[in-house]
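Mapping of the sequence shown onto UniProt numbering: position 157 corresponds to residue 157, and the numbering continues sequentially without gaps.
If you're looking for bench data, these hints aren't it; they were derived computationally from the structure.
Misleading hints may appear alongside valid ones.
[Claimed, not checked] Think about it this way: if two alpha-carbon atoms lie no more than 30 Å apart in a straight line, the pair counts; the simulated DSS-like pairs of lysine-lysine are:
| no. | residue 1 | residue 2 |
| --- | --- | --- |
| 1 | 150 | 88 |
| 2 | 155 | 244 |
| 3 | 100 | 155 |
| 4 | 102 | 155 |
| 5 | 100 | 153 |
| 6 | 88 | 155 |
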Amino acid sequence: MAPDAKNREPSLGLSSQNSRLGVQPASAVPQPVLPRPAYLRWAPLPKLWDLLSVEARLAADGVVEQPDPSLQKTFAKPPPLRAEVLRKLALPGRIEGLLKRKVNVVWSQAAALNGDLDQNYSCGGRSIMSFNSSREIVNADLQLASMLPKEDKVKAVALRSCAVVGNSGSLLGAAHGPAIDSHDTVIRFNAAPTTGYEADVGHTTAFRLQNCDHIGFHEPQDEILIASVRNAPDLRRFAQQMWKPGAEWQFMFHPEFWCHVWDWVAHRKLKPTSGLAGVVLALHLCTPPVDLYGFQHDAAEFHYWNKLPDKVTKQDVYEYHPLQEEAYLYQELQNLTLVRLWP
1 MAPDAKNREP
11 SLGLSSQNSR
21 LGVQPASAVP
31 QPVLPRPAYL
41 RWAPLPKLWD
51 LLSVEARLAA
61 DGVVEQPDPS
71 LQKTFAKPPP
81 LRAEVLRKLA
91 LPGRIEGLLK
101 RKVNVVWSQA
111 AALNGDLDQN
121 YSCGGRSIMS
131 FNSSREIVNA
141 DLQLASMLPK
151 EDKVKAVALR
161 SCAVVGNSGS
171 LLGAAHGPAI
181 DSHDTVIRFN
191 AAPTTGYEAD
201 VGHTTAFRLQ
211 NCDHIGFHEP
221 QDEILIASVR
231 NAPDLRRFAQ
241 QMWKPGAEWQ
251 FMFHPEFWCH
261 VWDWVAHRKL
271 KPTSGLAGVV
281 LALHLCTPPV
291 DLYGFQHDAA
301 EFHYWNKLPD
311 KVTKQDVYEY
321 HPLQEEAYLY
331 QELQNLTLVR
341 LWP
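Kindly generate the complete structure, drawing on both the sequences and the hints.
Dropping the structure here:
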């Protein structure tokens, strides 16, 4: 993307020829009122949340979970998925049914203020989404609704070729950069950097999906941010971010979108990863197959840009996230030619 891209509207690889749902071309989108701020060179460091034990995270979420005894102290590789779990994941037609489901991607004024504010979210009141209804979110921050987009513009987008770039250390030395940048749309996560890693991970970024401890524009080429807002502290962080320049290109996932992502792994563990959310988003918006890079959780390093403690990468993440279920799902998606997994 050109150096002045931070002062242009997101393109997302759309044109009048490839927009299957009649989406306006990027040139028709209003220009940002304020330019994005100048950027300092970003130096990636582990976040405090990454260093917390899973027990501390569960306590923060108000969730009481029994730890998996197979993972205690030894950092042993988790056992294979049980037969009953595999049966849930392998139900005939399950993936096709999920793909046909119409879901809101981002929260909008239409979603916040129209319809039944008290209708319960299908996964509300849990670690994945502590809010039970739209009314709870509106009441938590009365000003936020007025800053949201009037409608969900993301769910109507039709994209061509898409690359979803994970954070795995398997990307180091893989030289996928040119192939990644050849896609019309590239999805990245949290604070994963490209500067200094262009040969392996590419440079362009259309969507950056973020947990709220990583919220904000991290690199000048970031176009659109979508944050995961799960609880009141997350909502406060997101609302503060909406007062900053570039807010018109920052969104929060609709709570039901996260419920939908959880459906893809049959409600296993506390919450799916942001990586799976990116894959599900791409499956709904992009022309298949979607190319997945850096989704090997058994790589030497969990992240390609920093090193995390073994307790986090070999124990906590398996208790907190359904990594095995997600890996199985990616293989099934590849078998259906919906994605291509790159080493």
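Verification of the hints:
1. 150 / 88: The hint is violated at about 37 Å.
2. 155 / 244: Holds. Residue 155 to residue 244 sits at ~24 Å (cutoff 30 Å).
3. 100 / 155: Status holds; Cα separation ~13 Å.
4. 102 / 155: Holds - the C-alpha atoms of residue 155 and residue 102 are around 9 Å apart, at most 30 Å.
5. 100 / 153: holds, 19 Å
6. 88 / 155: holds, 27 Å
When held up to the earlier numbered hints, the structure conflicts with hint 1 and nothing else.
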